[in-house]
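Given next are the chains, with one letter for each unit.
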Amino acid sequence: MFKSEKITKIILYASSALIVLVSAGIVLSLMNGSIPAFKEFGLKFIISNDWNPTEGKENYGALPFIAGTVITSFIAIIICLPLAFSTSLFIGEYYRGTRLAGIVGTMVDMLAGIPSIVYGLWGFYVLRPLIVDLGLSAQGYGIFTAGIILAIMIIPYATSISTEIIMMVSSELKEGAYSLGATRKDVIFSVIIPNARSGIFTSYILAFGRALGETMAVTMLIGNTNLIPRGFFDTGNTMASVIANQFGEADGLKLSALITIGLLLFVITGIINGIGKLIIKRM
Amino acid sequence: MSEIIKHIEDPVLDIQKLSIAYNKDKYAVTDVNAGIKRKRVTAIMGPSGCGKSTLLRAINRMHDLYSNIVIDGKVFLNGEDTSELSAIHLRRKIGMVFQRPNPFPTMSIYDNVLAGYKLNGIRLKKTQRDEIVEETLQDVTLWDEVKDSLLKKGTFLSGGQQQRLCIARALAFKPDVLLLDEPTSALDPVATKKVEELLIKLKKNYTILLVTHNMSQAARISDFSMFMYMGELVEYGKTKDMFINPLDKRTEEYLTGKFS
Ligand SMILES: Nc1ncnc2c1ncn2[C@@H]1O[C@H](COP(=O)(O)OP(=O)(O)OP(=O)(O)O)[C@@H](O)[C@H]1O
Ligand SMILES: [Mg+2]
Chain A
1 MFKSEKITKI
11 ILYASSALIV
21 LVSAGIVLSL
31 MNGSIPAFKE
41 FGLKFIISND
51 WNPTEGKENY
61 GALPFIAGTV
71 ITSFIAIIIC
81 LPLAFSTSLF
91 IGEYYRGTRL
101 AGIVGTMVDM
111 LAGIPSIVYG
121 LWGFYVLRPL
131 IVDLGLSAQG
141 YGIFTAGIIL
151 AIMIIPYATS
161 ISTEIIMMVS
171 SELKEGAYSL
181 GATRKDVIFS
191 VIIPNARSGI
201 FTSYILAFGR
211 ALGETMAVTM
221 LIGNTNLIPR
231 GFFDTGNTMA
241 SVIANQFGEA
251 DGLKLSALIT
261 IGLLLFVITG
271 IINGIGKLII
281 KRM
Chain B
284 MSEIIKHIED
294 PVLDIQKLSI
304 AYNKDKYAVT
314 DVNAGIKRKR
324 VTAIMGPSGC
334 GKSTLLRAIN
344 RMHDLYSNIV
354 IDGKVFLNGE
364 DTSELSAIHL
374 RRKIGMVFQR
384 PNPFPTMSIY
394 DNVLAGYKLN
404 GIRLKKTQRD
414 EIVEETLQDV
424 TLWDEVKDSL
434 LKKGTFLSGG
444 QQQRLCIARA
454 LAFKPDVLLL
464 DEPTSALDPV
474 ATKKVEELLI
484 KLKKNYTILL
494 VTHNMSQAAR
504 ISDFSMFMYM
514 GELVEYGKTK
524 DMFINPLDKR
534 TEEYLTGKFS
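Chains A and B are the protein sequences, given in the same order.
The C-terminal residue of the first sequence carries number 283 in the numbering used here, and the numbering is unbroken.
The C-terminal residue of the second sequence carries number 543 in the numbering used here, and the numbering is unbroken.
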């Protein structure tokens, strides 16, 4: 009895310690790998938009990828926002508890389960030709195409968190409003949304965080050019997609530059998720 | 049924053959008939699960919010069939106060009092609003306690103050009837006493229908009492008569604490 408790304890401690070690190890090795690039370029790495691997003239700046990441994620969140918002009201309030809400909810969850590569493939064969047919761009690649795919990929996250938050608004408050003669619309806009506001906001922050790091589908659709996009239908690259694209043939300083981008991406998504979790905790 | 008051002259509410079922064939309220006297406090008593809340919520048609609830019979408000009024219109004429204080946490005390107007999109001038807020808060004896913090959130108040704020919110429209479902069961004795005194004061102007678990509360503040048992209205009469001389054996057993 006593002994088995001790063994249990050891196993629990050991697994937790292993996980701590692994994550610390990842962070440390990223930091270590980024040292050469940091030594060479310093903070200029973040604000320079020159990405030149030619031997002798080697120069690496991450600005085009930072810009590409932020822009595609913003496009995604702006498209996602109205859709996720309406859908979460549909599932969490209007048709709450009905079969219809169940079906829609399952479909939304299903979207979350589709692997990134499948989204990329669909985007490549369906969305990209559509963009070409609409005359929006010649090849159909670009930040807009990538943004749409990203939007579809993050909708389930924003929707499922918002739905839960909306369902958490107590029925006592809603009945209180109804008892004063409020209509359904009044209750939604004057009771549910104000009370769920910070939670709904958080769901978009978390969804934005996911968009920042999304890799495969974006890489397949963004066009992979190392320039800061100047227009909606321009091609570009994100931090994740440049790594996916170029790590194979990279070594030396270039590899270090890619690792630094990885570290940056990790820090940015970490901060975004941290903010989201903080708001949820304080609700 | 022993002594159901058979007839009340000019009742505010007239409940006729009212039966309510949450699930088919399992009635929570069966065949209730009662007229509610104007500007009096009528208490609804009975053991847990006997259908008090279900009956009360039929009066302002809260059951409309949920599907599958079967309602037979009719409720008249000042002679008008409530099922033929719009629910929104009806609920403005019948205020409701819940078991747990539920002021809107995103609104100030001031806005909570005016919530009925805001929710219904009724625009008022600033002077009118100020007047309604002050008058209503005076009515519920909350004005002196909150007049300096009207813009604070209502949820900062104590439980008893919150409940009086909710009563104010329900009265801001000057309804004909005020429904209260165990309004003091979440409050301490001091706060309970304040609410009781308030209800006695309010019956000068309002008809009050009060569900209560607490027999002594019914005895203290009600003029008429109903005793319900398993969905049935067993006895309905003047509170004094019922407490001194209950006619039905079940009422007597309940009042003497044989079951609760
Ligand atoms: N939403 C609901 N769905 C199904 N059955 C319900 C629902 N609400 C109440 N009931 C049932 O209806 C009956 C009457 O309930 P009601 O809440 O009216 O009783 P009550 O007298 O108010 O009890 P309490 O004193 O505990 O508040 C009970 O048997 C209860 O289980
Ligand atoms: Mg009840």
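If you are wondering where the hints come from, they were derived from the structure by calculation, not from laboratory data.
Possibly wrong hints are sitting among the right ones.
Stated by the list, open to error - Here are the simulated lysine to aspartate or glutamate pairs, DMTMM-like style, with alpha carbons at most 25 Å apart:
hint, chain 1, residue 1, chain 2, residue 2
1, B, Lys477, A, Asp186
2, A, Lys185, B, Asp297
3, A, Lys174, B, Asp459
4, B, Lys357, B, Glu515
5, B, Lys320, B, Glu292
6, B, Lys376, B, Asp413
7, B, Lys409, A, Glu172
8, B, Lys376, A, Asp133
9, B, Lys376, A, Glu172
10, B, Lys436, A, Glu5
11, B, Lys435, A, Asp186
12, B, Lys408, A, Asp186
13, B, Lys376, A, Asp186
14, A, Lys174, B, Glu515
15, B, Lys435, A, Asp251
16, B, Lys521, B, Glu367
17, B, Lys435, A, Glu175
18, B, Lys476, A, Glu172
19, B, Lys357, A, Glu175
20, A, Lys174, B, Asp308
21, B, Lys436, A, Glu175
22, B, Lys430, B, Glu479
23, B, Lys436, A, Glu172
24, B, Lys457, A, Glu175
25, A, Lys174, B, Asp464
26, B, Lys457, A, Asp186
27, A, Lys185, B, Glu292
28, B, Lys307, A, Glu175
Quiz item: Is lysine 436/B close enough to glutamate 172/A, meaning Cα to Cα at most 25 Å?
Solution: Judged against 25 Å, a Cα distance of about 17 Å means the pair holds.
Quiz item: Is lysine 436/B within 25 Å of glutamate 5/A, Cα to Cα?
Solution: 50 Å, violated
Quiz prompt | Given hint aspartate 186/A paired with lysine 376/B - CA-CA distance at most 25 Å | solution = 18 Å, holds
Quiz item: Holds or violated: lysine 357/B with glutamate 175/A, Cα cutoff 25 Å?
Solution: 22 Å, holds
Practice problem: For the pair we were handed, lysine 185/A and aspartate 297/B, check the Cα-Cα distance against 25 Å. | Solution: 31 Å, violated
Quiz item: Are the Cα positions of lysine 430/B and glutamate 479/B separated by 25 Å at most?
Solution: Holds - the C-alpha atoms of glutamate 479/B and lysine 430/B are around 22 Å apart, at most 25 Å.
Exercise. Starting from lysine 174/A, check that the Cα of aspartate 308/B is at most 25 Å away, please.
Key: 29 Å, violated
Self-check item: Pair hint outcome, lysine 376/B versus glutamate 172/A [Cα-Cα no greater than 25 Å]
Solution: Cα-Cα ~20 Å, so holds.
Exercise. With a cut-off of 25 Å on the C-alpha distance, tell me whether lysine 521/B and glutamate 367/B pass.
Key: Roughly 31 Å separates the two Cα atoms, so the pair is violated.
Quiz item: Has the given pair, lysine 457/B with aspartate 186/A, been kept, meaning a C-alpha gap of at most 25 Å?
Solution: Measuring from Cα to Cα gives roughly 21 Å; hence the hint holds.
Practice problem: Mind checking the alpha carbons of lysine 357/B and glutamate 515/B for me, to see if they're no more than 25 Å apart? | Solution: Answer holds: lysine 357/B to glutamate 515/B is near 16 Å, not above 25 Å.
Quiz item: Regarding the pair lysine 435/B and aspartate 186/A, is the alpha-carbon distance no greater than 25 Å?
Solution: 23 Å, holds
When the structure is compared with the earlier hints, violations turn up for hints 1, 2, 7, 8, 10, 14, 15, 16, 20 and 27 and for no others.
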